[in-house]
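Protein chains in written order, with the working numbering: chain X, 1 to 305; chain W, 306 to 844.
Since the hints were made in silico from the structure, they are not lab data.
Everything numeric in this text was worked out from a predicted model, so none of it was measured.
Don't be surprised by glycine CBs; every beta carbon is placed ideally from N, CA and C.
Any given hint could turn out to be false.
One-sided excerpt, in silico: chain X residues whose CB lies under 8 Å from chain W [unchecked claim]: (1) L53; (2) R55; (3) I79; (4) P83; (5) T87; (6) L100; (7) L104; (8) P124; (9) K127; (10) R129.
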Amino acid sequence: MTKAISVSGLHKAFGRTHALDGLDLEVGTGEVHGFLGPNGAGKSTTIRVLLGLLRADSGAARVLGRDPWADAVEVHRRIAYVPGDVTLWRNLSGGEVIDLFGRLRGGLDTRRRAELVERFELDPTKKGRTYSKGNRQKVALVAAFASDVDLLILDEPTSGLDPLMEEVFRRCVEEERERGRTVLLSSHILSEVEELCDRVSIIRKGRTVESGSLTDLRHLTRTSVTAELAGAPNGLARLPGVHGLDVRGHRVRLQVDTDKLNAVLRSLSETGVRSLTSTPPTLEELFLRHYQADGTESGAEATAR
Amino acid sequence: MTATADATAPAFAARTGGSRRLAGTGTLLRFALRRDRVLIPVWVGVNALMVLSMPGTLESLYGTAAERADLMRQMETNSSLRALVGPVFDDSLGALTAWRVGLYAGALAAVMSLLIVVRHTRDEEESGRQEVVASGMVGRRAPLTAALLAAAVANAALAVLVAAGLAGQGAAGALALGLGVAAVGMLFATTAAIVAQLTESARLARGLTAAVLGGAFVLRAAGDSGTDDGSSVLTRVSPLGWLENVRAFADERWWVLLLLAGAAAAQGAVAYALAGRRDLGMSFLPTRPGPAVGRLRTAGALAWRLQRGSVLGWSTGFLLAGAVYGGMTEGAADLVGDNEQAREIIERMGGQAGLTDAFVSAMVGMLGLIAALYVVASVLRLGGEETSGRAEPVLAGAVGRLRWAAGHLVIAFGGAALIMLLAGLGFAAGYGRDLGPVLGACLVQLPAVWVIGGAAVLLHGLLPRAAVAAWAVAGAVLLLGWVGPALDVPQALLDVSPYGHLPKLPGGEMSWPPVLVLLLIAGALVAAGLAGLRRRDLT
Chain X
1 MTKAISVSGL HKAFGRTHAL DGLDLEVGTG EVHGFLGPNG AGKSTTIRVL LGLLRADSGA
61 ARVLGRDPWA DAVEVHRRIA YVPGDVTLWR NLSGGEVIDL FGRLRGGLDT RRRAELVERF
121 ELDPTKKGRT YSKGNRQKVA LVAAFASDVD LLILDEPTSG LDPLMEEVFR RCVEEERERG
181 RTVLLSSHIL SEVEELCDRV SIIRKGRTVE SGSLTDLRHL TRTSVTAELA GAPNGLARLP
241 GVHGLDVRGH RVRLQVDTDK LNAVLRSLSE TGVRSLTSTP PTLEELFLRH YQADGTESGA
301 EATAR
Chain W
306 MTATADATAP AFAARTGGSR RLAGTGTLLR FALRRDRVLI PVWVGVNALM VLSMPGTLES
366 LYGTAAERAD LMRQMETNSS LRALVGPVFD DSLGALTAWR VGLYAGALAA VMSLLIVVRH
426 TRDEEESGRQ EVVASGMVGR RAPLTAALLA AAVANAALAV LVAAGLAGQG AAGALALGLG
486 VAAVGMLFAT TAAIVAQLTE SARLARGLTA AVLGGAFVLR AAGDSGTDDG SSVLTRVSPL
546 GWLENVRAFA DERWWVLLLL AGAAAAQGAV AYALAGRRDL GMSFLPTRPG PAVGRLRTAG
606 ALAWRLQRGS VLGWSTGFLL AGAVYGGMTE GAADLVGDNE QAREIIERMG GQAGLTDAFV
666 SAMVGMLGLI AALYVVASVL RLGGEETSGR AEPVLAGAVG RLRWAAGHLV IAFGGAALIM
726 LLAGLGFAAG YGRDLGPVLG ACLVQLPAVW VIGGAAVLLH GLLPRAAVAA WAVAGAVLLL
786 GWVGPALDVP QALLDVSPYG HLPKLPGGEM SWPPVLVLLL IAGALVAAGL AGLRRRDLT
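I would like the entire structure built from these sequences, with the hints used as guidance.
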């Protein structure tokens with residue numbers, strides 16, 4: 001698969017703070033890629049490097065096959081960008097800004113523009129200073145989705161949108177995927193990421209700690225199992241990958257590394273199972289494990305493909 | 306018993322009602338002074354320094370009473386200098402100090418005050434910060450009161466410094482000058498308080514208030530060029546004319562201070578009345594809807610759209626100022642007619658033509674200095690776009706940094722040429738003849754203006770965080786140009802200003818080498834700034 005974005009070993013320091021500390025990121029053409037990490041992890045810095053607004057201290061970055069710093073203008077022709085906090089010119093109307101942004105990129109599909117203005121319920125005649133946060137966000141989103149580009153870089157694009165508009169946004173991203181466009185979506189809304197993204201990268205402290213499809217990532221984590229057995233459980237504690245074992249009479253609660261689940265089930269069924277609930281890790285659990293500062297066990301190297 | 310209770314209850318209610326509208330003023334004032342802990346001391350300090358250094362300088366230049374009397378006689382005949390600095394009322398050191406710097410101290414206090422007031426009222430509303438503040442225990446009128454009080458603190462400090470520092474020249478005159486300067490400051494503080502409620506944009510509020518100040522200066526200049534005792538009607542309708550009519554150190558007219566204070570109080574009352582009738586963030590001049598479909602195609606078109614208002618304002622101002630000064634040129638030479646002694650002086654200076662030329666040259670030089678402010682403001686739009694985050698989506702489009710910067714720089718440098726050209730046309734129209742020399746005199750200012758613009762480009766390109774220092778460059782050049790020669794500053798320092806190297810036109814010889822060198826320097830500064838911009842991270 002060709003890569004829309006390929007970044008390796010990216011370093012960027014601001015004074016003494018290392019915003020990026022050897023970050024890697026691969027986004028395949030045509031995929032919707034979730035870009036996750038706690039606040040201050042370096043997501044926006046990465047995006048600004050990808051846009052050629054910042055120059056990386058070291059490391060390689062290619063966007064649509066080009067160097068985002070040296071070939072900024074050529075790359076930008078095929079990119080649409082939506083920042084997390086859109087600031088508009090106070091005396092320009094939303095419609096003017098949409099058309100300006102479109103023309104500064106590869107051009108604008110006017111039919112789609114009209115349709116998007118309708119769907120996002122945006123009044124394009126209002127001046128920049130009179131828009132609320134959500135409406136400023138819509139201006140940038142309409143401009144991005146109506147632009148004739150190959151890659152959309154969205155940095156927390158839905159902040160300030162109401163749930164209905166959030167739904168419109170998701171629909172739009174789905175349409176972009178169907179049209180074969182690539183989307184890099186930085187977001188804190190996990191349900192949005194789960195619904196939209198083919199693959200995700202999680203970064204922390206300027207480094208990629210996990211990257212892969214959601215299924216892959218789930219596989220790396222623990223499943224919670226609660227069982228009511230026919231007799232006392234036997235030998236569960238000795239099985240590899242079992243954590244937090246809690247036995248009360250015939251009741252068993254435990255967590256198990258998902259790839260070791262099979263052995264646990266075998267052991268349970270040997271004793272005899274009356275009831276069983278097995279819960280896959282929720283996204284929240286998944287992310288929290290990676291977000292937490294002391295969660296070094298997974299390590300920067302544990303990268304799944 | 307009950308009667309007393311009934312009598313006190315409404316009084317109490319009224320009192321709390323009144324104080325609630327001002328609730329939080331103290332906190333806001335402390336906050337404002339904390340935010341302005343650099344701004345206010347710098348403005349006050351520079352202003353006071355300019356005033357307080359003047360007696361010593363004048364003494365070294367005009368040491369004897371005879372020399373001072375001679376200077377005063379010259380002023381009676383020199384309408385062009387009168388237009389610039391106002392009439393002399395007495396030949397004491399104190400009176401000459403008040404004459405030489407009084408108006409400029411007043412104008413500086415006015416600029417300081419309007420900046421403080423707009424900064425703490427409309428700026429806060431426009432940015433949305435006021436919303437959070439107003440959601441606290443803050444009365445409806447507290448922000449305006451705090452802003453006016455902050456301006457009052459700054460002006461009071463200035464008055465105290467001036468009065469104390471000049472007391473040696475005569476306590477009454479020192480007090481009158483200090484109070485007069487501060488009163489002009491407060492008058493424009495209240496003007497700004499009104500204007501800031503008429504428009505939704507802080508930038509426009511600052512521009513409109515500054516335009517009122519500029520109008521006051523032009524009126525007074527026109528009035529003073531015709532009369533030598535500040536009695537012209539034009540002078541008397543201008544607040545800056547009132548300031549000179551306080552006549553510090555020359556049999557002070559204290560009631561004029563009351564006039565200034567009364568006008569400030571009246572404007573303050575209007576501002577308060579407006580503040581009580583207005584929604585937060587809204588203005589009295591409504592915002593009209595814009596087009597649903599835009600025609601802006603390029604970053605250059607965007608830059609023009611953003612700057613065209615200010616270009617229009619500056620163009621109008623320069624055209625009008627040129628026309629007013631052009632209209633005064635004729636009178637500048639005529640007035641000398643019946644004064645034997647003056648005619649002698651002027652004939653030594655090169656006759657009637659020499660006088661006219663000197664006047665035109667001085668006026669055009671002043672406009673050239675002011676154009677430096679335009680070019681700095683225009684170049685620094687780059688920095689404003691960048692730090693506000695609005696440049697980011699534009700540069701994330703297929704727009705190179707140089708193209709983006711070029712859009713604004715063409716307007717900055719071309720706009721400077723445009724306004725000087727218009728000033729020349731206005732001058733020629735007002736004067737009624739000789740378009741060529743006046744136009745030439747205006748355009749020859751441009752290399753110096755562009756050097757200042759180049760310095761701003763360089764700062765923005767290399768040290769974006771320090772780009773506001775470009776204002777300091779423009780301010781220093783203005784001070785050197787206005788009061789530098791009178792301050793007896795060493796020539797080496799005067800030579801730092803690019804304006805010091807321009808040929809004195811009309812009247813003087815046109816010499817190309819300094820002009821070309823300045824153009825080269827301006828070009829080099831712009832090139833270095835753009836090279837820096839290309840290389841650095843966006844802030």
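Structure-based check of all given hints:
no.	hint	result
1	L53	holds (4 Å)
2	R55	holds (6 Å)
3	I79	holds (7 Å)
4	P83	holds (6 Å)
5	T87	holds (5 Å)
6	L100	holds (4 Å)
7	L104	holds (3 Å)
8	P124	holds (4 Å)
9	K127	holds (6 Å)
10	R129	holds (6 Å)
Hint compliance for this structure: every hint is met.
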